[in-house]
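> Please arrange chain H on chain E, whose structure you already have, making use of the hints.
Protein sequence lines correspond, in order, to chains E and H. Residue numbers for the first sequence, in the numbering used here: 1 to 113. Residue numbers for the second sequence, in the numbering used here: 1001 to 1112.
I should point out that these hints are in silico values taken from the structure, not numbers from a laboratory. Remember, it's a predicted structure, so these values are computed and weren't measured experimentally. Accuracy of the hints is not assured; some may be wrong.
[As the list claims (entries may be wrong)] Stretch-level coverage of chain H by chain E, calculated; a stretch enters the list once three of its residues show a Cβ under 8 Å from a Cβ in chain E:
id, stretch
1, 1031 to 1040
2, 1101 to 1110
[What the hints assert, rightly or not] Computed cross-link-like contacts, DSS-like style, restricted to lysine-lysine with a CA-CA straight-line distance of at most 25 Å:
id, chain 1, residue 1, chain 2, residue 2
3, E, K9, E, K40
4, H, K1070, E, K53
5, E, K40, H, K1070
We treat Cβ as the ideally placed atom computed from N, Cα and C, and that holds for glycine.
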Amino acid sequence: DTEVTQTPKHLVMGMTNKKSLKCEQHMGHRAMYWYKQKAKKPPELMFVYSYEKLSINESVPSRFSPECPNSSLLNLHLHALQPEDSALYLCASSQVAVNYEQYFGPGTRLTVT
Amino acid sequence: SQQGEEDPQALSIQEGENATMNCSYKTSINNLQWYRQNSGRGLVHLILIRSNEREKHSGRLRVTLDTSKKSSSLLITASRAADTASYFCATDGGGTASKLTFGTGTRLQVTL
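The shape of chain E in the complex, shown without the other chains:
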């Protein structure tokens, strides 16, 4: 199974809402990632988890809170977002080693109203 799944596919939320994005993989990968992608732009790395521990935070605002409850799951908790946070949020996973590719999920299209 080389699939990374993400739920929900689409999410519309108000600026005062709290919501969560979920990501799951069953490839035995111990590195998981969150990316943000605005329209017609490349993905930008947000967070990296390695062996369920946060290893990289690319100076992401605290209204985004990642969580890795186990080796298969990755969550992104959202609170008090701004309209400019509207984007495609992509999850990925990979081996924890050099020179391995990342496997991406289909993404969650987030709209903040």
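Positioned in the frame of chain E, the structure of chain H alone reads:
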């Protein structure tokens, strides 16, 4: 930003023609990867070339890497309508978990 640059930004060709995309980057790398993204969807890994490799092939794909010039190219031969997508190069700067920095992307349109 350490983002790489890709050119052209957009490329329109006919089915059967070859497509070449170029990528330039700024920092030292462990490897360079190419990904494809169909409109508004997830990325699919195409090929990885290590910093000590100069050329790599996979099916209709040929990738070159010139670390002295900090540049790479992706050639898709005999293109098909199904190759229509955005193509991104991504550099992996190291660490035990890969940390990818994506280029600006090339939007490829293949027409019948």
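> All hints, please: hold or fail.
Cross-check of the supplied hints:
Interface restraint, the stretch 1031 to 1040 of chain H with chain E: holds (4 residues with C-beta to C-beta distance below 8 Å; minimum three). For the stretch 1101 to 1110 of chain H, the stated coverage by chain E holds: 5 residues have a C-beta nearer than 8 Å to a C-beta of that chain, and at least 3 were required. Using a Cα cut-off of 25 Å, the hinted pair K9(E) and K40(E) holds, with the two alpha carbons roughly 19 Å apart. The hinted pair formed by K1070(H) and K53(E) fails the criterion: a straight-line CA distance of about 32 Å is larger than 25 Å.
The suggested pairing of K40(E) with K1070(H) holds, with an alpha-carbon distance near 24 Å, which does not exceed 25 Å.
When each numbered hint is compared with the structure, a violation occurs for hint 4 only.
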